[in-house]
Every structure is written in structure tokens, then in C-alpha cells.
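Enquirer: Listed below are the residues making up each chain.
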Amino acid sequence: MQIIVNGTAHEVDVEDDMPLLWVLRDELGITGVKYGCGIAQCGACTVHLDGQAVRSCQVDISDVGNQEVTTIEGLGTPEALHAVQAAWIKHQVAQCGYCQSGQIMQAASMLDLNPEPTDEEIDVIMSGNLCRCGTYPRIREAIRSAAATLREA
Amino acid sequence: MFRLKTVVLCAALALAAPIALAADKVVIAPPAPGSVSREQGLDAWGRIFEVTSHPRCSNCHVGERNRPMWSGPSYGKTQVHGMNIIAGESRIGAEFLPCATCHAASETGNDVDHAAPQVDDDWRLAPVEAQWFGKSSVEICNQLRDPARNGERSFMDLARHLDHDVILHWAWKPGGSRQPAPYSLQEHVNDILTWGVAGQPCTND
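Listed in order, the protein sequences are those of chains A and B.
Per our numbering, residue 1 is the first one in the first sequence, and the count goes up by one each step.
Per our numbering, residue 1 is the first one in the second sequence, and the count goes up by one each step.
The set of hints was computed from the structure by calculation and includes no laboratory data.
Only true hints are included.
Facing chain B, according to a computed beta carbon distance under 8 Å, are these residues of chain A, among others: (1) D17; (2) I39; (3) A40; (4) R55; (5) V59; (6) D60; (7) E121; (8) V124.
Reference excerpt, derived from the structure (chain A facing chain B, CB under 7 Å, subset only): (9) V54; (10) Q58; (11) D63; (12) I125; (13) S127; (14) G128.
The beta carbon of each residue, even a glycine, is placed where N, CA and C say it ideally should be.
The following block holds chain B by itself, in its conformation from the complex (with noise of 0.2 Å):
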């Protein structure tokens, strides 16, 4: 039975403050407005999409069954996480095992290849209308540019929240043998910025 208490938990744990001492500098300096091509923001659409489909980041951004996933060239085969793991509506855990139970929020983070992956922020699954895991690009892209599934973001906003999470920086720089997603933070930003001034076009326009 799921009551108060934990939902204090997950309050407390949702208000903490980050500390992003370890946090990557971003600059976000998008093109001129009218600059970039239809053409051109859907290719930085592909890129964008190689980010968002990779285990790395796709492995969080599950849906309403709440479990977080074992995908990539690190795993094997594809399953659900170990442990029976099952993050909840609160997204960290609250009503079962919460994330922070083994992801503890470090300054120095973990490289030791099998061990739980660490941030210096609250170890969290991405809201549930983020969904990516399973998705296609059409998919991925218009939800990306859905206010209503995207948390208001402009894609300047976009920008800026890749710019402070550090738990987004994490994808860049797993530690250990981990393969880190496509790119590098700052070119997926920039690209985020390509495809904003482009109108933020899908395929399916």
C-alpha cells in the first residue's frame, strides 16, 4: 500500500536541489532565424534521432509499465532491468525500490563497468509522455515538438534543459566500458537548435 509517507519521499527527493559541479559547459547559440533549410533540419533530425533511439538514453525513456530497460551493445540482448525493478508512477522508485537505493547521487560518479551508474543528481526515469524506448523517428519527433508531451519546451528550452541536467550529461560520459550515445553533447544541442530554426519539421509533414 502506497501512502503518505512516500509520497514525502518522493516530494523530497523530486525538490532536491542538484549540485552540477561535474557538469559539462554548453553553448547554445542557435542559427539566424530563417537560416537553416527544411532540408537541413531534418537532417538534424536524423542525428537527433540516432541520440534519442540509443540505449543509452531510450533505456530510461520507458513507458507506463514503469521498468526501466537492459538494451545495448553492453547487455546482450534486450531485457527489462535486473532486480525486478519497477520505478512507479513517481518515476524514481518511491512506491517500491527507489532508484537512489543503489543510485546514489555522486560528485565523482561510478566507471566500474557493472555497478549502478552514478550522477550527482537523483538516478530518475523520464516522464511517461516522454516515451522513446520502442518509438520511431516520426514518433520521437512529434512528441519532441508537443508542448502538451515535451513539458512546454520551446526548442530553445530543449536546448537549456540539455545545457543543466546533468543527468542528461551522464549519457555522454557513462564511465566504464559503457558506450556513450551518438555524437557529443554539444553537437546534439546544436543540432536541437538546427531543427528548431528549421521549423522543427518531421518526415511526416
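So that you can see chain A by itself, here it is in the shape it has in the complex (with noise of 0.2 Å):
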């Protein structure tokens, strides 16, 4: 079957069940999106389909159809960072590392939806994906500074 990851098409050829994480991982290789929990408990793997976050954990890779992917790889470049990816450097949010990618995407998804959200809202949207490291009012900083950001543009 075929499945569009970051505007290119790709031929997959694995069961109807398996995973989208699976998929992006272990056979296209993409491996931003991270493994967590695989029972949608704590965002890790939120990759968008159509520009809505999802946890790919919990998508099968049959129901994905034609819609796109966007992984932490294609929503942004190196040479033009999305606004939230560019905060998230700015804040040096990261510790261990290994939830922003879900963080990041969560957050994309979220201000594309509601560019000006309030404090509470950011811990409400975002209380599904968990960061060991507790790095939360980071977060909620760069959050604040990508929306800033976003509606300057």
C-alpha cells in the first residue's frame, strides 16, 4: 500500500494492522517519532495526519488512506524551522530529549487550531503528552513565545 510521509509517497508492504509508528520506524526508517507506551498514554509518537495530531501508536496503517503524514522531520528544515521548533531552541527545552518530538508536534497541532491559547488551555492540550524530565514550564514558555511568534508572522 502506499502512504504520503512528509509530501513523498512511499510503498509499504506490510500488514493492515501493523501501526503507523511501526511503519515510520521500523520500515520507512523515520525515527523522530518516538516508541513510548503504545497504548496512547503519553504522546511520544504523536506524529499529524492532515495536519491533526495523532498517536501513531494507535493508528493502523490501513486506515490512513491518502492522508498525510507529518512527522517532526517535515514540519520544519534546518534553514527554516517551524515556530514552535525554533522556541523549543530558544526556551532550551529539552532535557533527556525524548518526548519533544511528540511535545513539538502537539503543540503545532495545537496553535494551528488555536493561535492565542491561554495558559490553562496549553496545560489542558498538552497534559496528554508526558515529559519525565518535568521540563512542563518550559514548555508552556516556548508555547507562548511559538504563538507569539506565529502571529507576528
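With the hints as a guide, dock the two chains, each given alone in a separate frame, to form the complex.
Expert: This is the structure:
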């Protein structure tokens, strides 16, 4: 079957019920997306399907269809980072960094839907993305910063 | 701040046509008019209440706090849904984290115990006016026969609603070690029809 990831079409020969996460990492070698829990409780595997954040460990490859998959590798480029990626660097959010691709993908989707989130909305929406290092205050600061950048763009 | 784009997402999700490939077939065959006594109707209601008050159903029939619940044998103690989930007035999470972020629409479902349950439809809460969680038998009985609170449905419409809505079918086939709703989908539909032909009696009548 065919899958479109970061604007590129790929042909994969896998079982219909293989999770999208496995296809990305093991079949296509796209490893920015992380395996955390496998049961939608940590958010480390968050990618976008047609711009909407989803937990890729929960999406069967057969249910992806023609939807475009975007991973952290396709969110921005080294030359033109997405505002959330730039804010992550500016605020030095990452500690161990394992959760950050999922955090960034969730935050980017949130700001696409809601460009001016309150602190409460940031906390509620990002609650599904766990950070074992406890970098939550920096995550919130970076999201505030990215939101301001996107509003000025 | 909630804005137009979120509303569009909400509308798109709400209008998305579910593909009920895995839906169970239900026979809607009401008893003959006048053939069911009030007592038989109340007996049927008692079984209906066992279903509506079961955690498999009531966890998503919650009130205006818009917070789905985690309660029942699988959870040990009653608590709000983990991950600080608030489904919002949209009841699909459009204002915060859409339910579909984790509860992917899937034809095959999800049998993994602690993963997000899936059906071939958009995961969502029932409307606020259909709150069952924490409500008594009398309260839910009166709610289900009140067109203003049951979606303008007759008892036949309620039966048909149970026939075509696959998220309701999931309650009897929740997968993994999740406890299903009592009785069977067909028995529940039969009880709705029996209660309806009896005149939808409630114990406070």
C-alpha cells in the first residue's frame, strides 16, 4: 500500500493492522517519532494526519488512506524551522529530549487550531504528552513564545 | 481562545459519515400495541437502567463539566479520564484535545486492554442533556421519554438509534478485558420496545 509521509509517497508491504508508528520507524526509517508506551498514554509518538495531531501507535496503517502524514522531520527544515521548533531551541526546553518530537507536534497542531491559547488551555491540551524530566514550565514558555511568533508572521 | 477553525474541525468531525462495516444487525420488532402491561414495562425499564447506569455507557454520558469518567471494574476506583481530558462543549474535544487524537476511527477496533478504545466512528461524549453518570433510575427514565432531552426521539427512534450507531454497539463488545454492558444489544433493544409499548412508564408516575 502507499503512504504519503512529509510530502513523499512510499510503497510499503505490511500487515493492514500494523500501527503507523511501526511503519514510520521500522519500515521507512523515520525515527524522529518515538515509541513510548504503545497505548496512547504518553504522546511520544504524536504525528500529524492532514494537520491533526494523532498518536501514531493507535492508528492502523490501513486507516491512514490518502491522509498526509507529517512527522517532526517534515514540520520545518533546518533552514526554516517551524516556530515551535525555533521556540524549543530558544527556551532550551529539552532535557533528555525523548518526548520532544511528540510535544512539538502536539504544540504545533494546537497553535494551528488555537493561535492564542491561555495558560490553562496549554496545560489541558499538553497534558496528554508526558515529560519524565519535568520540563513542563519550559514547554509552556516555548509555546507562548511560538504563539507570539506565529501571530506576528 | 476558541475560534472559527476549531468550529470547522468540530463540524467536520460531526458530519463525517461513519462506515458501519462492523455494525451488528439488530431486529426491531415491537410487541403488539396494548400487549404489554405497565408492570412488564417497568420490569423492562429495570433492565434498561442496568445498561444506562453501567460504567461502559455512563462513563461517556457525563454532565456539563465535559469530563469523561474512568469507572468500573477495570479501573478500581472512580476517577475522571486521565491525561486531564476535557471534551468541551463540542463534546469531541475540539476546544482542547480532540478525542480522535487517541481514539482513532478504525474498522478493526482495538482489543488492547489499556489502549484507547476505537470504533469505526468519531469518539465523543453523549450530549449534556443525556447525562446518565450519577443519575437515578427515575431521573434517567424521565429523561429518556422526554423529547426535549432525548433528541426528539420516540421509543421506536431510540431503538433505531441503537441499531445504527456503532459507538453504542461497542458497549457490548468493548474488547480486551473490559466488562461489556449487561445483556446483549438485541435484548436491550427488545427492552426499549417493550417499555415503549407499555407507554414508557417510570416508577414516579
